[in-house]
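There are 2 protein chains.
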Amino acid sequence: MKTYVQMSREELVNEKALLEKQFEDAKALGLKLDMSRGKPTPSQLDISMDMLDVLNASSDMKTEGGVDCRNYGGLEGIPEARKLMADMLEVPMENVIVYGNASLNIMYDTVSRSMTHGVCGSTPWCKLDKVKFLCPAPGYDRHFAITQHFGIEMITVPMTENGPDMDMIEELVEKDDSIKGIWCVPKYSNPQGYTYSDDTVRRFASLKPAAKDFRIFWDNAYVVHDLYDDKKASLLEILSECEKAGNHDMVYEFCSTSKVTFAGGGIAAMATSLTNIEYIKKQMTIQTIGYDKINQLRHARYFKNIDGIKAHMKKHADIMRPKFEAVLQVLDSELSDLEIASWTKPLGGYFISFEAMEGCAKAIVAKCKEAGVVMTGAGATYPYGKDPKDTNIRIAPSFPTPEEMEKAAKLFALCVKLVTVEKLLG
Amino acid sequence: MKTYVQMSREELVNEKALLEKQFEDAKALGLKLDMSRGKPTPSQLDISMDMLDVLNASSDMKTEGGVDCRNYGGLEGIPEARKLMADMLEVPMENVIVYGNASLNIMYDTVSRSMTHGVCGSTPWCKLDKVKFLCPAPGYDRHFAITQHFGIEMITVPMTENGPDMDMIEELVEKDDSIKGIWCVPKYSNPQGYTYSDDTVRRFASLKPAAKDFRIFWDNAYVVHDLYDDKKASLLEILSECEKAGNHDMVYEFCSTSKVTFAGGGIAAMATSLTNIEYIKKQMTIQTIGYDKINQLRHARYFKNIDGIKAHMKKHADIMRPKFEAVLQVLDSELSDLEIASWTKPLGGYFISFEAMEGCAKAIVAKCKEAGVVMTGAGATYPYGKDPKDTNIRIAPSFPTPEEMEKAAKLFALCVKLVTVEKLLG
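These protein sequence lines are chains A and B, in that order.
One rule links them: number in the numbering used here = place in the first sequence (from 1) + 1.
One rule links them: number in the numbering used here = place in the second sequence (from 1) + 1.
Because the hints were derived from the structure by calculation, they are not lab data.
Hints may contain errors.
Identical copies go unnamed one by one, so any copy, or any two together, can satisfy a pair.
What the hints assert, rightly or not - Below, simulated DSBU-like cross-link-like pairs (lysine-lysine); rule was C-alpha separation at most 30 Å, straight line:
1) Lys63 / Lys40
2) Lys346 / Lys390
3) Lys63 / Lys305
4) Lys213 / Lys131
Extracted from the complex, chain A is given alone in its bound form:
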């Protein structure tokens, strides 16, 4: 079988006609599928329904320390929940604050606080002429949206299988004190599913930023989200690495149970140095009297400990794995011989990242939509929504069923072929 680049113009024209016919047939199926967001599927949400029975009208609502979770107070979260989230992140519970329902909200608030009040006493970023963030890309669109919202200039850093380009990061943060932060999804990265290597984490921990108020925004969203029991990525714990390197205060780490229990009904946490926590609490105590301790208690009692979470995540993996495999199987059988694209094969997380031929991503996503399959908008994985080469597409296999996923993936592969042929024909 010939690859597309090996084909003559005539062969390509024939192929195009064939693909167009197939596309019309596919459109006639009237698909209505959404692969756009990393949204759990209902059966994943069913897994956690028992958690709603944990607290009831006759429950003891006190923490182990005797605090009534129904009343005001407890800014940093209840001890049981702090311990649970700390164990998830493999850090001491003293380093953890448990917040409300969303880690995105913590990240937003963290940037917002830095804008209005600076970082541990530094000049508020809103008073500076220029504030920049490094953005490993492809990355998470909602991260980029936060920095864009605050007028922070974003600099794209290329991603590799081992994490972002550390040479570039080291050079930039060491020379430019207007660089105040970097967005990272270190484990099963969004969208590629890459996990930062030990060397990458150590180089992060050893950065010598020109800006004293430079912080690494370490969004460990998929820390327990393995797909396979026997093939798990491992990520070095960054807080202790930073300590070793003398950079105690350089990291804000985030996580939540949004993709463990309920999306939007979970609990979220930040882990960071005690110095950072002290500074953050000065602002938090103005912002709130405390977050929802009842939901914290519900989570802590339900899981009991980190083993409870790990067992729970296996149930998620059992649901997610067939969907990932359905997509990968279709991509492999439909596209691998054509040499027109590449894609990642993650061991965890929520996404598969797809690289089309240059200048094809937007057209592929548009074609899919035409036939009823909604993908994440092309470009979304880059700062300002602009993928410079227009190649990257994020595939989110979680929401549809495996059967739907297979149909959607076939349609997707068809669109990739059709758009690529059109591109080659010019």
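Let chain A serve as the given structure and place chain B on it in line with the hints.
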């Protein structure tokens, strides 16, 4: 019986000796009571325990419109919860956004957004040389803490039984475009328990602020918190008054169920114009994917409708009323003949406001603490924590039992007398 001012120096010296003896006796009781914050007492929290049974492992988790509350989405809150909070505030549900667990957090976020992004397109407040807020006082310390945190200059406006001094407010907001907001607790105000008169509300609605981005921060925290069934304050609904006056966008109204269901485990809402909502949502969509819809659903299903909330609030009133009455009865019997102080007799809310003789408040609070009764810090009810005349003390009767409340009130009255005598002796 002579009042203290009528007493001779010798009589005052004798009185002081007597009071000092009583104070030593009181100290020996070893009281340990907290009247510092508006914190519900455990039996009030027990009232809502059945709410924890509303959702369980076999519940239908969909809204009436079919949205799965366990998954992402629904920025403005689920319709059922919006309707419930809208009915509480007597506004259309389209004007309501339901957030997370705390209205304080919404207020903070609202000021924070105005600092970084302005109000409906105005210059971000952080870019202005000067931003000022009007602060009716005595008022709520956490309001003042927010504006102070953001470096906003606070101007004290005197309170009256009918609300803040509207002459002063009208004059100030009409001439000074650096005045961007005003903090109000319009019903059963914190700490006086005053409710703004119809005339006051209409004058608010008809303000002609020099600043186009001036907003009234209308914290309707005690909207359903009546103490008596037959003596209820009534408050004009401000959104519709503003509309009538052509000031559609001038109000942000806040409320929560923190003192209806669980303190810190409730749901909170903002009501405002559709134009404001549209602008706010542009920022919210960056900050979060959505708030905890499960707790929203739990609240909506538990109460069913506003009548459910009203019936619920009667149970709270039955617990709160005896405490208010215990305090008022003691103050009346111990202090009313002496003409050294005055206090409010609220029909709702969480506080009694006490006015001591000039220069005595701090000393009274300190004396109480010495004997084991913790009050809200004197000065807390004024901007910057500075009560210019040192007269105001906030009494929060909710947390102790009625019996404890009586003991605490007696000790308080004793401290008032002792400090006043000391003051008169010079």
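The hints, checked one at a time:
1. Lys63 / Lys40: between (33 Å within a copy, 16 Å between copies)
2. Lys346 / Lys390: within (22 Å within a copy, 71 Å between copies)
3. Lys63 / Lys305: both (15 Å within a copy, 28 Å between copies)
4. Lys213 / Lys131: Both: 15 Å inside a copy, 28 Å across copies.
The structure is consistent with each of the numbered hints, conforming to all of them.
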